[in-house]
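Novice: One letter stands for each residue in the lines below.
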Amino acid sequence: MDNTVIVIGGGISGLTAAGMLAQQGLDVTLLEKENETGGHLARWDRLFPDRKKASDVLDFAMKGLNNAKIVTGVTITGISRHQNGFTVTSPLSQYTASALLVATGFELFEARKKEEYGYGIYNNVITSADLEEQFKSGRKVLTSEGKTPGRIGFIHCVGSRDEKVGNLYCSKVCCVTGVKQAIELKEMFPASEVFNFYMDLRMFDRHFEELYYEAQQKWGVSFIRGRLSECSENPDGSIILKTEDTLTGKPLKMTIDLLVLLSGFVPSGGTRGISKMLGLQEGDDGFINSADQHSQNNLSGIEGVFLAGALKGPISVSEAVADARAAAAQVTCYISSIAVTHD
Amino acid sequence: MIKFNLFVLPFSLGLIYIVTSIIMHYYRWIKALPAVDKVKLSAGIRTPSKVLASLKEIFLEGLIHRRLWKRNPLLGYMHMSFAFGWFLLIVIGNLESRVYHGAYINAPYYPIFLKFFIHDRLVLFFEIFTVPAFFRFIMDFLLLFVLSGLALAWIKRKQSKWFGMKQTTRHNFFDRVALTCLWLIFPMRLLAESYTAGYFHGGGGFLTKNLGNLLVMITPGPAELIAYFFWWTYSLVLGLFFIMMPYSRYMHIPSELLLILFRHCGIQPKKWGSSFSDLEVRSCSRCGVCIDACQLNFAAGISTIQAVYLIRSQREQFIPDHIAQTCMLCGRCQEACPVGIKIDSLRLIKRREIGSGQVADFSYLTNTHPDYADVVYFAGCMSHLTPSIPNAMEGILKEAGINYLFLDRDGSICCGRPLMLAGKDKQANELIEFNKTLISQTRAKLLVTSCPICYKVFREEYNLPIRIQHHSQYLLELVKEGKIALQSQHKRVVYHDPCDLGRGGNIYEAPRELLGKISDLEASGKDRADALCCGGSLALMSTSMLTKDKVTLDALQSLLAVDPDILVTACPLCKKTFSKLSKTEVRDIAELVHDAIPGRKIRIAATVKDPEAVIS
Amino acid sequence: MKPGGKRQIWDEYQKEIADDNYFYVRSCVRQNFFPGAEKTFFRYMKQLGRNVVENPSHTTCSGIGYHSDIVPFETAMTMVARQFALMTEAGYENFVTSCITSFGLYSEVLETWEHFPEVEEQTRIHLRNATGREFLKPKNLAHASDVTFKLRKEIADAGRYRLVNQDTGKPIRVVEHIGCHYSRMFPNKGVGGAEYPYVLVGMIEDWGGEVIDYPERRHCCGFGFRQYLVKANRGYSISASKKKFDSMKPYKPELILTNCPGCPMFLDRWQYAISEMEGTTYGENGQGIPVMTYEELAGLILGYDPWDLGLQVHQVPVEPLLDKMGIPYDPEKKFLDIDGNFIGKPKSPSFLKFY
Amino acid sequence: MIDFGYTLTRDRQLDFDRGDFRYLKLVKSLEPSMDLCIGCGSCTATCSAGGFTDFNIRKLHTVIRRGDPESIKAELKKCMFCGKCQLVCPRGVNLRNLILAMNRAIEILG
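Protein chains in written order, with my numbering: chain A, 8 to 350; chain B, 1282 to 1897; chain C, 996 to 1350; chain D, 82 to 191.
None of these hints come from the bench; they were simulated from the model.
Any given hint might turn out to be false.
[As the list claims (entries may be wrong)] The list that follows gives simulated cross-link-like pairs (lysine-lysine, DSBU-like), each with its CA atoms no further than 30 Å apart:
1) D:LYS109 - B:LYS1717
2) A:LYS70 - D:LYS140
3) D:LYS109 - A:LYS193
4) C:LYS1238 - D:LYS158
5) C:LYS1238 - A:LYS249
6) D:LYS140 - A:LYS249
7) A:LYS120 - C:LYS1238
8) B:LYS1631 - D:LYS109
9) C:LYS1238 - C:LYS1226
10) A:LYS120 - C:LYS1226
11) A:LYS257 - C:LYS1238
12) B:LYS1319 - D:LYS109
13) D:LYS140 - B:LYS1807
14) A:LYS260 - C:LYS1319
15) D:LYS158 - B:LYS1551
16) C:LYS1165 - C:LYS1244
17) B:LYS1321 - B:LYS1552
18) C:LYS1238 - D:LYS154
19) C:LYS1226 - A:LYS171
20) A:LYS193 - D:LYS158
21) C:LYS1319 - C:LYS1244
22) D:LYS154 - A:LYS249
23) A:LYS154 - D:LYS140
24) D:LYS154 - B:LYS1831
25) C:LYS1247 - A:LYS171
26) C:LYS1319 - A:LYS249
27) C:LYS1226 - C:LYS1328
28) D:LYS140 - A:LYS193
29) A:LYS260 - C:LYS1148
30) D:LYS106 - A:LYS179
31) D:LYS109 - A:LYS249
32) A:LYS40 - A:LYS283
33) B:LYS1551 - D:LYS140
34) A:LYS260 - A:LYS59
35) A:LYS249 - C:LYS1329
36) A:LYS225 - B:LYS1437
37) C:LYS1329 - A:LYS154
Predicted, not measured: the structure shown is a model, and the values here were computed from it.
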């Protein structure tokens, strides 16, 4: 028995947790399937509600990692358990540790599955992630015809709160993301009209509601309560939306130049894979259940296996960081406890 | 003896001009009066008492400026020295001229320029005690009196703060010219008379004579010519001033005289404007007192919409909507106005013009045929957002065993005043008629309301054949009649006068007397006629909530200066508005009375916010 | 438009369609609406060497009553079961329906039995008690348009004409309209799913035409059973169709292709009604937009005589389309029946161009 | 024209692209706070007129935002102007002036 820990997943949760553990003198190895760490955050431009650069948050997380071992491009093929802990095998090599911290996170709902929204079919239908990449690239956001969009629509709850795609849960952060991106587009194109089509706006965290207020007051972003039913394409490539304006009780038809789908969260492939290998508890929604959502939210129910981040369901970056720290604390306690029992 | 000189021409022409112009103005105003008012006027001027009263007021306000004295002694003195001093100069100047001039009638310019024509020297010692010397002394004294006012006026322009005025009005071109003339008139007179006296070694009193000798001594050149030059300028500025007068703020002087007469003849401002309003507009002296009185100015920094600016744009034939709409109609400026202009009605006239084409449709209102009762209680729309008030009232009414009917228990039909405040009188009348029917159907002898807004309109527009009381009056009455016994809670309270109850309904004492019985009432800085508006006024149309909050916070600061246990008011709207921002509990007088009924469990006045404010 | 995106979806909704030996059940209404259609199906299936049988004693599937809320589901299932029994007795296992609503109902019934075997058992008992018949469930359930879709390339190869304008050489612009009951209820039971059905698109593309998408493509034709059958609702029915026409007009369609009994009926007849009610026509210079069933179109492609296909009973004249495609026809023969007797010529409409 | 015994009904759908936004432009300039509405409906809930008739303030200015002012012209006349709506609005929308502004817009634009 030693003080080795393997963190699976190099997103913001994994990085933060690994950093904490390393700083407490544990021997940490972080395994990431991609060739780069940073996960979704690495592809994101700015964060709600204060528009902080995602890269700043990542850089901060990376700071703590000096003496942690980071291995990228690792495809985990198996995890075996033995009296000294766990052995994680990949085609190239093996890693052993006394404890595992699983932080394999989420991936965005594949918007294509919502066929009637025409993602991947209509040129001017993109996802929030696509938009964020454009922001990051610093390019102006243009329609597929290379024009500046005069009217932009955001569709909330794409792949969330939708029995028709088998996801009953709320992805929580799309609401405020839509508001944030709407503001960013208004900054880019002050003359454009921006509409948010929503069912409810769940501004659950500090300064979110204020951001919503700012979007209305300062930027004149419009909010229409109604869910997109279907859309189709005009000869000029613009999109026709069909929704209900539930506040006037009338069906509404609107032509827009650019449609942004706010894709929800689903458990990542990594999460599904690792959960199979370890036999983690999967909830009806496919996310991983912790031992107890209230008091043991970082315990997996399997001794030595801990959970951190969005593999347990949709969360914001700040929540992910906090959860990762909590998980790290749990792991440290565990390591010291087994150290005691084995002395 | 020479009785004429060319230089008197400018003055004489100016005089002729101004006199004719004033006569024409008067004629136009009187001619344009509605028939009813014409009758009132002709009756009025044939009633000595009214004429006397007018003359008295003209003397007190036009010359002595009593109201201004009350408000600001410095300003009062300044205006008095000018008006009264000048008035006396003319009167006594005339008398003096008679000493030298036997003729019964003489040219108007003669007394004005007397010292140019008369400059005999008094040599012998005893002559100091002669009539001419006496007059010279008086005249010089008066001149000094006026000049002192002039000095003050000059300082006021430069240093308005010294007068406790934060803001003074902005002048237009004619005002500037007229003002310059006005400021020059008496210095010129001083110089002209002094030089003359100095050159001829005679003709002046203690001031002009000695100053004259001094000037002649120190200034080189032909004193006679210099004197002559100053006589010319004196006459010129006088003439120019007269000619400028009709186009400048100074027209307010003759206008106000007529206005006072009109008022004493009982002529009232008209809803849709009249020559009376025009006269009021002309009577504004643009002293700027209204700017200081306005909370939007000193609490919210809005300084473009005050009475004086409304009146000016009215004079310029164009009132921008925002000036008409941005006002709480709290009546503070009206209260402060030295000329007593009914500025709120002027503003409402403009509001009625905006959207005068609009109509309402209240056909959905159906008569509910209310039950009979002795007393009909009308809570008012706002009270439905502060249920604690109607609840308290019902508790008291039950306690007092009154046979009452809560007319608007199931939602109010608005009293109509909010519509009137928006200038929609036609629409308001439909509601008024409807409510009148309802009220009369109850056969009640007394109408009690909890809302000063309703109270004002009930009294002024409903002309119901029954008594109308605000609950603060009614509750006091109940106490006096012994219908309810109260027990003081000895809470330190400050009372806030709601605009429509105080300035609007002239009810100041009833609530205070009532509070005196049930609490320890403390005085607050600004109260009664000078009370501040809570900022929630329904009259304030196009102003953001943030601005309104500024007004509220400022009012709270002044009201809570003595840190009372409870801030008491008698208006649901005031209560709601204050509750939003007050750290101290805000309650309606009715609630306190209810709590003061012995045997009732007393609510602890400790909550930071009014619970009702949270509920509604 | 990203064609790749649609292809991807079409690939995901591949359905298995039997290649030969079909048991065919007819539609209640089609013979009256477009008498040539079903006949033509048999004709080209024969020409393509496929074996299709039917049983004259088959009845309505009762879907029309079921969707008009006058036939309870139990009854409907029993009648469906009887149709299956006829198939079983004939020794066939590939069931082909002519009617979209039937197809929907058969799918619904099979799906119900899938999830509730006890219901299937109950139905077997009902059928036994009522008719003494037994049945096997079809191995393969397809709509006739599915079959035609499967054979579209063979039809194209055997064809003499193509959906191409002979003068300009440009492809004919076609809008397709899929019956609501084809794949709305069970996307995976239709070729190409519910949102972008491929069944007609495939035919149009392989026969040389150009498919055009338009905003109200998904909108119902307006039949909606109750909406039309109850006269009080008929204005609702025609308004729904008008909504489609208004939406497709700017795309200048030259043909509307359908695979449902009701749709062609209403898309065709309502064009006439609308023109008479408010003078609006939707085709170029006063013509309407011709409406066809996939069978009729297949017939034209294969070079059958237009009048044998029953195109003369269309309300919207098809001649302009025939001219474009360069298909010869004898105007004299338009109103003659098979035996050459004159069947009478309708009087010309007030607005719609008539030939 | 033939009467078949049934009529073509106009589409209920709000066609945003054909909307009439002159009213919105004017009203917004007169009362910018209208943008802050979150459709909570407290204004309608407390409305004095709403207590007696189906008068719905929230709907009225929403409809203006959707470029469909026709429907409100008759409705607006029902307002009693008491100002309760303004006191309950959680977003500080200056509702009384908003109604005033809508009336103005209709007066000016017809």
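Novice: Does the structure keep A:LYS40 and A:LYS283 at a Cα separation of 30 Å or less?
Specialist: Within the cut-off at roughly 16 Å; holds.
Novice: Verify the proposed pairing of A:LYS249 with C:LYS1329, using a straight-line Cα cut of 30 Å.
Specialist: Violated - the C-alpha atoms of C:LYS1329 and A:LYS249 are around 43 Å apart, more than 30 Å.
Novice: So if I understand the rule, the pair passes when the alpha-carbon distance is 30 Å or less; does D:LYS109 with A:LYS249 pass?
Specialist: The given pair, whose Cα atoms are some 26 Å apart, holds under the 30 Å limit.
Novice: Given the hint that A:LYS154 pairs with D:LYS140, test it: the Cα-Cα distance must not exceed 30 Å.
Specialist: Violated, at roughly 35 Å.
Novice: Assess, step by step, whether the Cα of D:LYS109 is no farther than 30 Å from the Cα of B:LYS1717, and give holds or violated.
Specialist: violated (37 Å)
Novice: Is the straight-line distance between the alpha-carbon of D:LYS106 and that of A:LYS179 30 Å or less?
Specialist: violated (34 Å)
Novice: Is the straight-line distance between the alpha-carbon of D:LYS154 and that of A:LYS249 30 Å or less?
Specialist: Within the cut-off at roughly 26 Å; holds.
Novice: Hint check: C:LYS1238 vs A:LYS249, CA-CA at most 30 Å. Holds or violated?
Specialist: holds (14 Å)
Novice: Is B:LYS1321 within 30 Å of B:LYS1552, Cα to Cα?
Specialist: holds (18 Å)
Novice: Given the hint that C:LYS1319 pairs with C:LYS1244, test it: the Cα-Cα distance must not exceed 30 Å.
Specialist: Roughly 19 Å between the alpha carbons, so the hint for C:LYS1319 and C:LYS1244 holds.
Novice: Would you mind confirming whether the straight-line C-alpha gap from B:LYS1551 to D:LYS140 stays at or under 30 Å?
Specialist: violated (38 Å)
Novice: Decide if the proposed pair is consistent with the structure: C:LYS1238 and D:LYS154, CA atoms, cutoff 30 Å inclusive.
Specialist: With Cα atoms ~27 Å apart, C:LYS1238 and D:LYS154 stay inside 30 Å; holds.
The structure fails to meet hints 1, 2, 4, 10, 12, 13, 14, 19, 20, 23, 24, 25, 26, 27, 29, 30, 33, 34, 35, 36 and 37 from the earlier list, while all remaining hints are met.
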